[in-house]
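A.B. asks: Fit chain B to the supplied structure of chain A, relying on the hints for placement.
These are the residues of each chain, in order.
2 protein chains.
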Amino acid sequence: MRFEAMWKDLAPLGRAAHGGYFRQPFTAVDHELRHWFRTAAEDRSMTVEEDDFGNLVAWWGGVATAERPGLLTGSHLDSVLDGGAYDGPLGVVSAFAAVDLLQARGVVPIRPLGVAAFAEEEGSRFGVACLGSRLATGAWSWEEARKLRDRDGVWLRDAMASVLAHPGGTDADHLTRRDPHERRRAWVARVAAYVELHVEQGRDLVERGAAVGLGSGIWPHGRYRFDFTGQANHAGTTRMEDRHDPMLTYAMTALAANKQARLGGHRATFGRIEVAPNGTNAVPSRVTAWLDARAATTPALQELVATVSDQAEQRAGRDGTALVVTPESVSAEVTFDAALTELAGEGHRWPVIPTAAGHDAGVVAQAGVPTAMLFVRNPTGISHSPDERAETEDCLAGVEALADVLERLLR
Amino acid sequence: MRFEAMWKDLAPLGRAAHGGYFRQPFTAVDHELRHWFRTAAEDRSMTVEEDDFGNLVAWWGGVATAERPGLLTGSHLDSVLDGGAYDGPLGVVSAFAAVDLLQARGVVPIRPLGVAAFAEEEGSRFGVACLGSRLATGAWSWEEARKLRDRDGVWLRDAMASVLAHPGGTDADHLTRRDPHERRRAWVARVAAYVELHVEQGRDLVERGAAVGLGSGIWPHGRYRFDFTGQANHAGTTRMEDRHDPMLTYAMTALAANKQARLGGHRATFGRIEVAPNGTNAVPSRVTAWLDARAATTPALQELVATVSDQAEQRAGRDGTALVVTPESVSAEVTFDAALTELAGEGHRWPVIPTAAGHDAGVVAQAGVPTAMLFVRNPTGISHSPDERAETEDCLAGVEALADVLERLLR
Chain A
1 MRFEAMWKDL APLGRAAHGG YFRQPFTAVD HELRHWFRTA AEDRSMTVEE
51 DDFGNLVAWW GGVATAERPG LLTGSHLDSV LDGGAYDGPL GVVSAFAAVD
101 LLQARGVVPI RPLGVAAFAE EEGSRFGVAC LGSRLATGAW SWEEARKLRD
151 RDGVWLRDAM ASVLAHPGGT DADHLTRRDP HERRRAWVAR VAAYVELHVE
201 QGRDLVERGA AVGLGSGIWP HGRYRFDFTG QANHAGTTRM EDRHDPMLTY
251 AMTALAANKQ ARLGGHRATF GRIEVAPNGT NAVPSRVTAW LDARAATTPA
301 LQELVATVSD QAEQRAGRDG TALVVTPESV SAEVTFDAAL TELAGEGHRW
351 PVIPTAAGHD AGVVAQAGVP TAMLFVRNPT GISHSPDERA ETEDCLAGVE
401 ALADVLERLL R
Chain B
1 MRFEAMWKDL APLGRAAHGG YFRQPFTAVD HELRHWFRTA AEDRSMTVEE
51 DDFGNLVAWW GGVATAERPG LLTGSHLDSV LDGGAYDGPL GVVSAFAAVD
101 LLQARGVVPI RPLGVAAFAE EEGSRFGVAC LGSRLATGAW SWEEARKLRD
151 RDGVWLRDAM ASVLAHPGGT DADHLTRRDP HERRRAWVAR VAAYVELHVE
201 QGRDLVERGA AVGLGSGIWP HGRYRFDFTG QANHAGTTRM EDRHDPMLTY
251 AMTALAANKQ ARLGGHRATF GRIEVAPNGT NAVPSRVTAW LDARAATTPA
301 LQELVATVSD QAEQRAGRDG TALVVTPESV SAEVTFDAAL TELAGEGHRW
351 PVIPTAAGHD AGVVAQAGVP TAMLFVRNPT GISHSPDERA ETEDCLAGVE
401 ALADVLERLL R
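Chains A and B supply the protein sequences, listed in that same order.
The numbering of the first sequence is UniProt numbering, which starts it at 1 and goes up by one.
The numbering of the second sequence is UniProt numbering, which starts it at 1 and goes up by one.
Isolated chain A (complex conformation) (with noise of 0.2 Å):
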């Protein structure tokens, strides 16, 4: 079957050595998964269209205008640093796979069918996860856009330009464009639903025993930037009682976010961190930390972080140090389309399953597009890891159950 041959090919793009897939957005990899991307979509004829900030989407039936809307399927291609092979080219590798299953059975869409790869979804160069369906749906200005930088202070703009022609849209782009409100409504109307398949990053559908799985929505998330700052100094001359040390002040708030999301069932995470001048005897001036914080319902999420932030606070009163809390990336709940869902499912006993991870199809269907999920099984429910790991077997059903549902909405 096709899918294997394609996974074959996306396999060795951006593998480190020991396993691992470092496939991060507007670099020389990104290159390689593009080129692979559009072999794929020339070897079915479909007709690719990449936006103005790296997005792409494979035509088939045509490309989708306001006047005849298409059907939207699909995920993307960038990873987490150090991530797995299929959170992400899963969903596009079984659109285009869906595709071939749908010309064997003789279908002929009534209306276009894209296959969409969408950029920077992880936010591991830029850190704001979905940048790239959020800024195609207005749900970021490219003015808030222009502010950003990696980790290396490289401009996102600078970064664009090593692969896109027009980064952030040319001038003219710009007079039309340049509300998002007016982009979300240009691109909303090509689009009449959304259907992303992915890899499941729990162990919801081993337990329940079943390959293949659709989503019910997605839990409020955010991402919020800690700063602690203190006062350099010398680590072995420095008195205890004298410092003002940013470190101890992060390391008990990394304790209490745990803590915290245990007590109330929720998921909060300090996994990347910053230290100046991070010298083996220095005391630090600074430590940043990022708090990736989930819960079931905003109201939960909001009292999470509020907490962490209280406790932090009081734990930098008796550091003597000091502390800033910056919202960098924060998502409301997302519940998908209820119709869509049904429809999808019927006739199926696949179970419907909600998510703390974000995806593209949250940012899709806050921007008004009916959107669905389906999962596939993941045996050990790690992601985020070079472990993460999904059956061919269960991949090949969900490429069927991808099919079946695209040829519902297609008929």
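Honestly, the hints are just simulated from the structure, not real lab data.
One or more hints might be untrue.
Computed list of lysine to aspartate or glutamate pairs in EDC-like fashion (alpha-carbon distance at most 16 Å, straight line) [stated by the list, open to error]:
no. : chain 1 : residue 1 : chain 2 : residue 2
1   : A       : Lys259    : B       : Glu241
2   : B       : Lys147    : B       : Glu328
3   : B       : Lys8      : B       : Glu32
4   : B       : Lys259    : B       : Asp310
5   : A       : Lys259    : B       : Asp242
6   : B       : Lys259    : A       : Glu241
7   : A       : Lys259    : A       : Asp310
8   : A       : Lys8      : A       : Glu391
9   : A       : Lys147    : A       : Asp158
10  : A       : Lys259    : A       : Glu303
11  : B       : Lys259    : A       : Asp242
Cβ pair distances, simulated, as ranges [to be verified]:
no. : chain 1 : residue 1 : chain 2 : residue 2 : range
12  : A       : Gln314    : B       : Glu182    : 53 to 63 Å
13  : A       : Glu313    : B       : Arg185    : 38 to 48 Å
14  : A       : Gly19     : B       : Gly320    : 15 to 25 Å
15  : A       : Glu313    : B       : Gly347    : 47 to 57 Å
16  : A       : Arg146    : B       : Gln314    : 21 to 31 Å
17  : B       : Asp227    : A       : Glu241    : 27 to 37 Å
18  : A       : Ala397    : B       : Thr326    : 46 to 56 Å
All of these numbers come straight from a predicted model, not from anything done at the bench.
All residues carry an ideal CB built from backbone N, CA and C; glycine is no exception.
C.D. replies: Positioned in the frame of chain A, the structure of chain B alone reads:
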């Protein structure tokens, strides 16, 4: 006075816009520092010697030999990352200024007087403090040093090759000098005594109302790498109870180290940390952090490190993570030469104070050379920080004191 002119010339080298210093060894800035050193030596008709490890000595009154051993003074020019102007350079500039004073006083050296600038004293690039003096005196073998890499993976030898003709020595040298004991004997034979002047890195002199003080000795201290390993996973979808998060083990360890140091009157600092993959939405797979620990006695230091390691191990058991602790450089207690220190202080009311900071003077003392230290008052006690300060008046008192000590030893 020439002290101030030298200080002014040196001040801009390696200084960042916000005022902090980045004077890492074997870099472009190091080239400039060496050029400054050679110019200062030429201005005084001193002969510069650069050894195969990057240590510089400018000789007045001839180059020392085993037959005609010299008197050595000086310090280092490198800084910690984002350090201050005084730690190191004050000793080198004061040494040249003391030569000026001695010449003005009409002192004719009965033996060679050398002004030294040791390489990589801070260990800010290759992780080993006092690397230059340790290599020169055989406290580290070149075979060990060859294995050192900086944060970017650059080998020590390759970095050295950018400034030195024969990094680590020529092959011919290796035949005669590969034995560290042999190297120590050769080095020590040429040095009759060493006197290092340094900015104080605490507030003892402030509290005792003295501009200048003498050193009694150096606390034993060490750097220990803590490698915490866990299981990378998705920050959103992984239930808190399913995680093996090494960040939590680290956070508890950082707090425990602080508490143990406070309880015992020791010093313990986690100032440097590296996280993999260091992504906002991933539970880390690995956290590596460096403990800088110091105590008044070697048994107290050993107990401090053992207690922190034990508490970290226990927490690792609860977190389902693993811990390996590796000592990277451990320095024994140093007591400076009592007779030399007494001779230096005769007729002055200089307080005699201990320090918890490592210095090349400690390495030289341990090699068997009679060694003394002079400290110059630091109004805030802050060091290893852009806020490090010394009043010019106190610096000039330091130069005078150093010249007095050297004159006694030269007559």
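A.B. asks: Next step is simple, just say for each hint if it's right about the structure.
C.D. replies: Results of checking the hints against the structure:
no., hint, verdict
1, A:Lys259 to B:Glu241, "holds (11 Å)"
2, B:Lys147 to B:Glu328, "holds (12 Å)"
3, B:Lys8 to B:Glu32, "holds (14 Å)"
4, B:Lys259 to B:Asp310, "holds (14 Å)"
5, A:Lys259 to B:Asp242, "holds (14 Å)"
6, B:Lys259 to A:Glu241, "holds (11 Å)"
7, A:Lys259 to A:Asp310, "holds (14 Å)"
8, A:Lys8 to A:Glu391, "holds (14 Å)"
9, A:Lys147 to A:Asp158, "holds (11 Å)"
10, A:Lys259 to A:Glu303, "holds (14 Å)"
11, B:Lys259 to A:Asp242, "holds (14 Å)"
12, A:Gln314 to B:Glu182: 53 to 63 Å, "holds (59 Å)"
13, A:Glu313 to B:Arg185: 38 to 48 Å, "violated (59 Å)"
14, A:Gly19 to B:Gly320: 15 to 25 Å, "holds (21 Å)"
15, A:Glu313 to B:Gly347: 47 to 57 Å, "holds (55 Å)"
16, A:Arg146 to B:Gln314: 21 to 31 Å, "violated (49 Å)"
17, B:Asp227 to A:Glu241: 27 to 37 Å, "holds (30 Å)"
18, A:Ala397 to B:Thr326: 46 to 56 Å, "holds (47 Å)"
Comparing the model with each numbered hint stated earlier shows that hints 13, 16 do not hold.
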